[in-house]
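Protein chains: 2
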Amino acid sequence: MTPTLTISDPSDPRIAAYRDIRERDLVGRENRFIAEGKVVIDVLLSARRFEAESVLLLPSRLSGMEAVLAKLPGHVPVYCAEPAVMDAIAGFHLHRGILAIGRKRPAEKVGDVLAGLPEEALVVVAAGIANHDNMGAIFRNAAAFGACAVLLDPISCDPLYRKAIRVSVGAVLKVPFATAPDAGMLVEALDDAGFAQAALSPGGKLALSAVPRGQRRALWLGAEGTGLPEDLLSRIPSVRIPQAPQWDSLNVAAASAVALYHFSGAGEAV
Amino acid sequence: MTPTLTISDPSDPRIAAYRDIRERDLVGRENRFIAEGKVVIDVLLSARRFEAESVLLLPSRLSGMEAVLAKLPGHVPVYCAEPAVMDAIAGFHLHRGILAIGRKRPAEKVGDVLAGLPEEALVVVAAGIANHDNMGAIFRNAAAFGACAVLLDPISCDPLYRKAIRVSVGAVLKVPFATAPDAGMLVEALDDAGFAQAALSPGGKLALSAVPRGQRRALWLGAEGTGLPEDLLSRIPSVRIPQAPQWDSLNVAAASAVALYHFSGAGEAV
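Line order of the protein sequences matches chains H and A. Residues 400 to 669 (this note's numbering) make up the first sequence, in order. Residues 400 to 669 (this note's numbering) make up the second sequence, in order.
These are calculated hints, taken from the structure and not from any lab test. Hints are not guaranteed to be accurate.
Where chains are identical, the list cannot tell them apart; a pair therefore holds if satisfied intra-copy or between any two copies.
Straight-line distance between alpha carbons at most 20 Å, and here's what the computed SDA-like set of lysine to any residue pairs gives [what the hints assert, rightly or not]:
(1) Lys437 x Leu461
(2) Lys562 x Asp647
(3) Lys503 x Ala595
(4) Lys470 x Gln645
(5) Lys562 x Asn530
(6) Lys562 x Ser648
(7) Lys437 x Ser453
(8) Lys604 x Glu629
Computed from a predicted structure; not experimentally measured.
Work out the full structure: start from the sequences and follow the hints.
Structure (structure tokens):
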């Protein structure tokens, strides 16, 4: 049995990091983030670039979490709180009843991430992805199709927002990522590293199926609605997913799944 | 200019259908539903199987909605309310400020939907899709890849829930759908109508790319987590999307995008 510390007072300073987490998503978090649920916390405890600071869960969840908690370093505290206390801490009803505070190690730089990639590599570039659900879904798809990294422009949201982590089912903690100071720099860095680049766009010049996979491929994804800016589209070959005419285009997360399916080679005839 | 009726009292009986709409998602709605936003209401006003009962919007949105509102039949009232009144009516802050009440015509039966399909047809079958976001996304993907209909088992949620309509960007109002009394009946009806059926499953026997398109194709999608039940998987060939090992599978909405891309023919080499 994992030794636990019982929390009976929602204002207990030991669990201050869990307080009002919905609200705290909107503010800086000193390199910390909230991981929710068994699967995500399991990924956190296996992650190289992150570490767990503490775990907070309902007593009823303890038995189901034994195997996951066995991975915790001995110095990391596990707090237990009854449902009413837990909800009072979090500021809303926590359906899953399992939380952890994670901490980033120093953020990696784009150059370091690129330098660590294998000879054959698929990379996702998120440009202007401000929606946390989309960001989480893009990471989940990147992990499912074996992408090696996600690179972000400065307008994209932080993948470590609580909801992005949750939607990604922990992929944000698994797939390496780095944010560049500007998108133009990313185009150059990828070019220098030998990546063929493709920009997904509803009006793209080439059909996705006509674009070869190649050894090193970077897939650019833009914001829904506005899409990728013109200056980027003028520098990178644009690619479209053929779709029904007179209809709104795919959501960016769905489009990423289709394009990653293609570029991963999973769609090759067997 | 569209003539409008000003609402200054949130309890005005004329806009009773808009009251506390977040809550009302959970209860029966007498064949009515809530459509939100310009794009969705535009689809509603072009839909064959639905009609608009009224529109409620902020005065500031009127000018941008003129072209859409021009499609409204003359007897359908357009109500205007200032932001504070609108939020008080809806029960929460309405970011978009444009709502409509839609009404179903009598629900179609599975047999009628199948009878109306063209010789070449792609159909989506949702079995146990209880999440409104996933349902909406599946419809959006179905519309994007030209699927002719969505068929539902009785466990799947109602596509006309407010959030499903919103996530679908109106596709729920565009792609015909019908709910069957049980999933087994759907297998038989599709078989009788000459549909080759495929069940998407992380452990599916065939890789997606190995499954031919064919003239009439039905794609079964199951609930995340549990997936399609064994008795269905024993009756329908199962299909997998090859993914990275030791990782959680794709979300059902993302998986539907990939499979529909394949079955639509959009992924064929050009």
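Against the structure, the hints come out as follows:
For a Cα distance limit of 20 Å, the shortest separation of lysine 437 from leucine 461 inside one copy, 11 Å, qualifies, whereas the shortest one across copies, 47 Å, does not. For a Cα distance limit of 20 Å, the shortest separation of lysine 562 from aspartate 647 across copies, 17 Å, qualifies, whereas the shortest one inside one copy, 26 Å, does not. Taking the shortest Cα distances, lysine 503 and alanine 595 never come within 20 Å of each other, neither inside one copy (30 Å) nor across copies (49 Å). In this assembly of identical chains, the alpha carbons of lysine 470 and glutamine 645 lie at most 20 Å apart only when taken from different copies (17 Å versus 52 Å within one copy).
In the homo-oligomer, the alpha carbons of lysine 562 and asparagine 530 lie at most 20 Å apart both inside one protomer (10 Å) and across protomers (17 Å), since each shortest distance falls under that limit. In this assembly of identical chains, the alpha carbons of lysine 562 and serine 648 lie at most 20 Å apart only when taken from different copies (19 Å versus 24 Å within one copy). In this homomeric assembly, lysine 437 and serine 453 come within 20 Å of each other (Cα to Cα) only inside a single copy, at 14 Å, whereas the closest approach across copies is 45 Å. Taking the shortest alpha-carbon separations for lysine 604 and glutamate 629, only the intra-copy value of 13 Å comes in at or below 20 Å, while the best inter-copy value is 43 Å.
Of the numbered hints stated above, the single one contradicted by the structure is hint 3.
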